[in-house]
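Chemist: These protein sequence lines are chains U and G, in that order.
Just so it is clear: in the first sequence, position 107 is 107 by the working numbering, and no numbers are missing.
Just so it is clear: in the second sequence, position 145 is 145 by the working numbering, and no numbers are missing.
It is possible that some hints are incorrect.
[To be verified] Listed below are the simulated DSSO-like cross-link pairs for lysine-lysine, each with C-alpha atoms no more than 27 Å apart in a straight line:
hint, chain 1, residue 1, chain 2, residue 2
1, U, Lys82, G, Lys250
2, U, Lys107, G, Lys250
3, U, Lys156, G, Lys43
4, G, Lys250, U, Lys130
5, U, Lys347, G, Lys250
6, U, Lys84, G, Lys43
Bear in mind the hints are in silico, worked out from the structure with no lab data behind them.
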Amino acid sequence: MEKKAFTRGWMVAVAATLLVVSLFFATGCSKDEASSKGSGKTLYLYNWTYYTPESVIEKFEKEYGVKVVLDYFASNEDMFAKLKAGGSGYDIVFPSQDYTSIMMAEKMLLPIDKSKIPNLQYISPLVLGKATYDPDMSWSVPYFMGASGIAVNKTKVADYARDWSIFADKKLAGRMSMLDDMREVMGDALAHLGYSVNSTDDAELAAAQKLVNEKWKPNLVKFDAEGFAKSFSTGEFWVVHGYAEAVFEELEENRWDEVDFFLPPEGGPMYLDSMVIPKGARNIELAHQFIDFIHRPEIYAEFLDRFHFPASVHTKAAELMTVEPFYQGEDLANYELKNDVGADLEKYNEIWQTIRYVN
Amino acid sequence: MNSHIQEKRGRRLGITYSAPMGLWLTFFFLVPLCIIILYSFLKKGLYGGVEWEFTLTAYRQMLNPNFMRVFLRTLWVAALSTVITITLALPCGYAMARSRHQVMWLALVIIPFWTNSLIRIYAWIAILSSEGFVNEALKALGVIGESLPLIYNQGAVITVLIYMYIPFAILPLFTTIDKFDFQLLEAARDLGASKPESIFKVMIPNIRSGIITAVIFTFIPIFGAYTVPLLVGGKDSYMIGNIIVDQVTKTRNWPLASAFSLVITVVSTIGVIWMMTSTASERARLKAPAQVVDANGGIT
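In isolation and in its complexed conformation, chain U is listed as follows (with noise of 0.2 Å):
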């Protein structure tokens, strides 16, 4: 009896132990910490997911002998914290713009040696046109400007309107998604409506918010930034508002004529990210050449081939790409840069939670 009840205990600490073990596994951390190698220098990039081309970073540390370490983020907000917090050691950063000009103003950055980056001649000058807060690169160098669209699944839907008016389609309730993140819904009813997406006018907000509200978000399923392109691969949506690289990198190639994607004409809201070098950096010599080996119009296309974006920063790549891109570089005249909207913020907030919130 009395070793039983000591087998017990011992079982159940076991089992909670077990328990207490696995749970640190299911939450910890999976950052990918690559040891240097004792020859060459090491080049720290911080990018988005889902963003860096596997094949154009081998190129890049065979033929400059270094080696490339890559930490991901997933939103501007946590990067930017990340950096505010102490993290350093990065040597190229990419942010998009309403945080490249954050960070400009809070003094966060390095200045661009342009001398050292010959292949700046191929940006785009119609992207710095929009690049206001750095239209000459002194700060920044543009990587890529793309938008979020509309993919369609046409197996499931056979007529639809092919702008964001879809979302008020009664026919496909309970069938659609909106990207869960507020500037660019906000952006997109905006844009509907013929506003600009960084406006602050009281007026054309509320009446944004009066579509999103009463017209878009009655036939969505969910507002969905994390598992949408998953639910649209199996069929569960329809209709998602998101970015075209995640909509087909769930897909198999052989079912990619099954989706319509899209840019509504109207317009919408845009982001431009760029390679900006934070201060803190170890190795800015190997970070520009980086930015320009990236620039090189052969690589540039390698990128933009492996993610099938179109060139639109880039000058010379668009004739050296192998792939159709999911949309035009012309598909963007429409769509206007999310700036910074600053101490405004607040009033997107104060929507977006009658959006959110309420139901």
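Using the hints, position chain G against chain U.
Modeler: Just chain G now, with coordinates in the frame of chain U:
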């Protein structure tokens, strides 16, 4: 004299032994908690972070009816899931305690935890979605023609939460039921109690501490749930955990996120205090008869 020294040394060793744990808790629990409390009373920085200026803005913002709605919803979801979890876990714990294959049952409860929780949530998406296993099976059996909306709603959130946290309820229930003297049930039956009566009037009060532990182990993590409502919830499934993440990663309002975290901490603390006081009172109750006997002995 000798024993006195020994006792003294023992006490000193006790401090030495507990020092690592104490230091660990101080650094990794108390210090972050203090930072959270501090941040909740500061002004929000324009680009995240805080400015060193005392203000109650975060708490004023928290009273916003939109947030209150989410708070009440969280409370409701956590309470309902906990009640269902305990109701399901009680018979499980009972069956396990009475089984001859305890090790096997324990292993079966634990093994799913070796799989990453995110993967298990995605597995639930595969089970519940409109072309998922449940709907396909029901369609094949001809029970339904159209898919049932099993996912992206509150029901899915509660189902998956119960699944995620039921082991935390089963384990403490199993340990207390295992220690329970089942002869008491027989005695109750001999004294005329019906089977349910013997369970509810004799067993349940005796395993009270296990039930309280199970309630706390499920209610507290569910109250702070984040991933489950995000992934299997719909438009109507936001919980406090989601608000906190939003405030940090989207709206750059760290003080408000801290204030909400503090609410969760306070709710958890109340739960733990309740657990401690009720186990203490139980212990006192169990000791009471012995004292009476002692007193009688003193008289005779």
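Chemist: Please verify whether Lys82/U and Lys250/G have alpha carbons no more than 27 Å apart.
Modeler: holds (14 Å)
Chemist: Holds or violated: Lys107/U with Lys250/G, Cα cutoff 27 Å?
Modeler: At roughly 22 Å apart (the allowed maximum being 27 Å), Lys250/G and Lys107/U satisfy the hint.
Chemist: Within a Cα-Cα threshold of 27 Å, do Lys347/U and Lys250/G meet the stated pairing?
Modeler: Holds, because 13 Å separates the two Cα atoms, which is no more than 27 Å.
Chemist: Could you grab the alpha-carbon distance between Lys84/U and Lys43/G and see if it respects the 27 Å cut-off?
Modeler: Measuring from Cα to Cα gives roughly 17 Å; hence the hint holds.
Chemist: Within 27 Å, alpha carbon to alpha carbon, are Lys250/G and Lys130/U?
Modeler: holds (24 Å)
Chemist: Taking 27 Å as the top limit, are the C-alpha atoms of Lys156/U and Lys43/G close enough?
Modeler: The given pair, whose Cα atoms are some 50 Å apart, is violated under the 27 Å limit.
Of the numbered hints listed earlier, the single one contradicted by the structure is hint 3.
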